Every structure is written in C-alpha cells, then in structure tokens.
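Residue numbers (this note's numbering): 446 to 624.
Calculated from the structure, these hints are not laboratory results.
No experiment lies behind these values; they were computed from the predicted model shown.
Ideal placement from N, C-alpha and C gives every residue a C-beta, glycine not left out.
Just to be clear, a hint being listed does not mean it is correct.
[Unchecked claim] Derived pair list, reagent style SDA-like, types lysine to any residue, alpha-carbon separation capped at 20 angstroms:
#1 K585 with A604
#2 K577 with P593
#3 K577 with D594
#4 K486 with L519
#5 K491 with E503
#6 K585 with Y609
#7 K585 with D570
[What the hints assert, rightly or not] FRET-style restraints, in silico, Cβ to Cβ:
#8 K491 with A596: 15 to 23 angstroms
#9 D617 with P488: 34 to 42 angstroms
#10 Q603 with D574: 29 to 37 angstroms
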Amino acid sequence: MARTTSRSNDWGFPRWRGYGSSRDTVEVRLCDRHGCAEPGKCPAPKSPNSPERWYFCERHAAEYNAGWNYFEGLTAEEAAAREADETRTADGYAEARHYGWAGPGDGSRSRDEMRALEVLDLPPDSDFDAVKAAWRRLAKANHPDVRPDDAEAAARFQAIQAAYDVLRVAEDNRQWKPD
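With the sequences and hints as input, model every part of the structure.
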C-alpha cells in the first residue's frame with residue numbers, strides 16, 4: 446500500500462511560510478530578446494496602441510525604452526495638449542523638485558529648463574556660469590534703455606529674463622541639500 450505524503454510548508458500556528466510560497470514549480474517567462482536567458486518581467490508594447498507586448502529583462506527593457514518616442518507622429522500642439530492632459534491627471538505622482546540634485550547634461554533638466562536654454566542660445570549641458578554670462582550679454586543687447594522704440598527687443602528682453610529666472614530657480618533647487 447502506497448503511503449501519501451502529507452508534508453506541509455506550515456509548521457503549525459502561526460503560519461511560518463511566506464505568502465504565495467509553495468513547492469509547486471513556477472513557470473518563468475524568459476526575456477524576448479534573442480539570446481537572453483534572464484527572466485522577462487518588464488512588458489513593452491510591440492507597437493503603439495497595440496495590446497500585444499514584448500517581455501524583456503530590465504536591461505533590455507531600458508535599451509528598448511531609450512529609443513521610444515511617446516510623441517512620435519504628433520504635431521507640437523498635439524504633443525503639448527497630450528502632455529498637459531497627462532500631467533493634469535498625474536500630479537500626485539510628480540517627482541518633487543528638490544529631488545533633482547543631479548548636475549546638468551544627465552537628463553535631469555526639465556522641459557522648461559531646456560526651453561530656457563534655447564532662448565539663451567546655450568547647449569543643454571551648460572553650467573550656471575555660462576547661463577549667467579549669456580543672460581548678461583543678451584540682456585545688455587536687448588535692454589529697453591539701449592533700444593527704446595524697439596518692441597521686438599522688449600519682447601526678447603522679457604523672454605531672456607523669464608528664461609534666466611527659470612534656470613536660476615532650478616539651480617537654487619539643485620544646491621539645496623537636506624541636513
């Protein structure tokens with residue numbers, strides 16, 4: 446007569462094993478990247494607006510996402526409308542500004558900072574000393590006292606001032622460190 450095993454993972458009361466743990470085999474999905482033997486835990490869409498998904502390991506998911514353009518095929522107005530719509534509904538998940546302590550050029554600049562750098566005609570990895578120098582140069586050239594009857598120069602001067610203010614506040618936030 447064959448004896449059935451009645452082994453249990455519970456060692457009495459209270460329950461000592463972790464939730465979801467069992468002795469059954471677990472099916473592991475491998476990364477969909479050819480030649481990769483890591484578990485594929487990160488779903489990625491095969492094409493925009495498609496329910497089909499690739500499943501990559503973290504390394505290959507990061508590689509896939511680096512080339513993904515969420516706003517591809519949209520006009521600038523449509524992209525701005527989509528971004529405004531999504532940020533309006535996801536404000537609770539926005540990262541706090543004082544956590545952006547990383548230096549320039551590493552992807553830590555916001556979209557507003559990038560626009561401000563464009564107004565000042567600076568590359569994205571410019572440091573704050575270059576920002577100050579460009580602001581002074583452009584402000585002197587477009588100041589209303591230097592060009593009193595030029596409405597275009599006055600508008601340009603206001604844009605330069607606004608760009609400098611955005612970059613100055615961002616730099617102050619990067620300099621702040623908790624005790």
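Status of the hints after comparison with the structure:
1. Between K585 and A604 the CA atoms are separated by roughly 13 angstroms; this keeps the pair inside 20 angstroms, and the hint holds.
2. Taken as a hint, the K577 and P593 pair is broken in the structure, with Cα atoms around 24 angstroms apart against an allowance of 20 angstroms.
3. As the CA atoms of K577 and D594 are separated by approximately 26 angstroms, the hinted pair breaks the 20 angstroms bound.
4. In summary, the hint linking K486 to L519 is not supported, as the alpha carbons are separated by about 30 angstroms, beyond the 20 angstroms threshold.
5. A C-alpha spacing of about 16 angstroms is found between K491 and E503, which places the hinted pair at or below 20 angstroms, so the restraint holds.
6. The straight-line distance between the Cα atoms of K585 and Y609 is roughly 14 angstroms, inside the 20 angstroms bound, and the hint therefore holds.
7. Distance check on the hinted pair: K585 and D570 sit about 24 angstroms apart at the alpha-carbon level, beyond 20 angstroms; violated.
8. The given range of 15 to 23 angstroms is broken by K491 and A596, whose C-beta atoms sit roughly 52 angstroms from each other.
9. At roughly 39 angstroms, the beta carbons of D617 and P488 sit within the given window of 34 to 42 angstroms.
10. The hinted window of 29 to 37 angstroms between Q603 and D574 is violated, with their beta carbons roughly 23 angstroms apart.
Of the numbered hints listed earlier, those contradicted by the structure are 2, 3, 4, 7, 8, 10.
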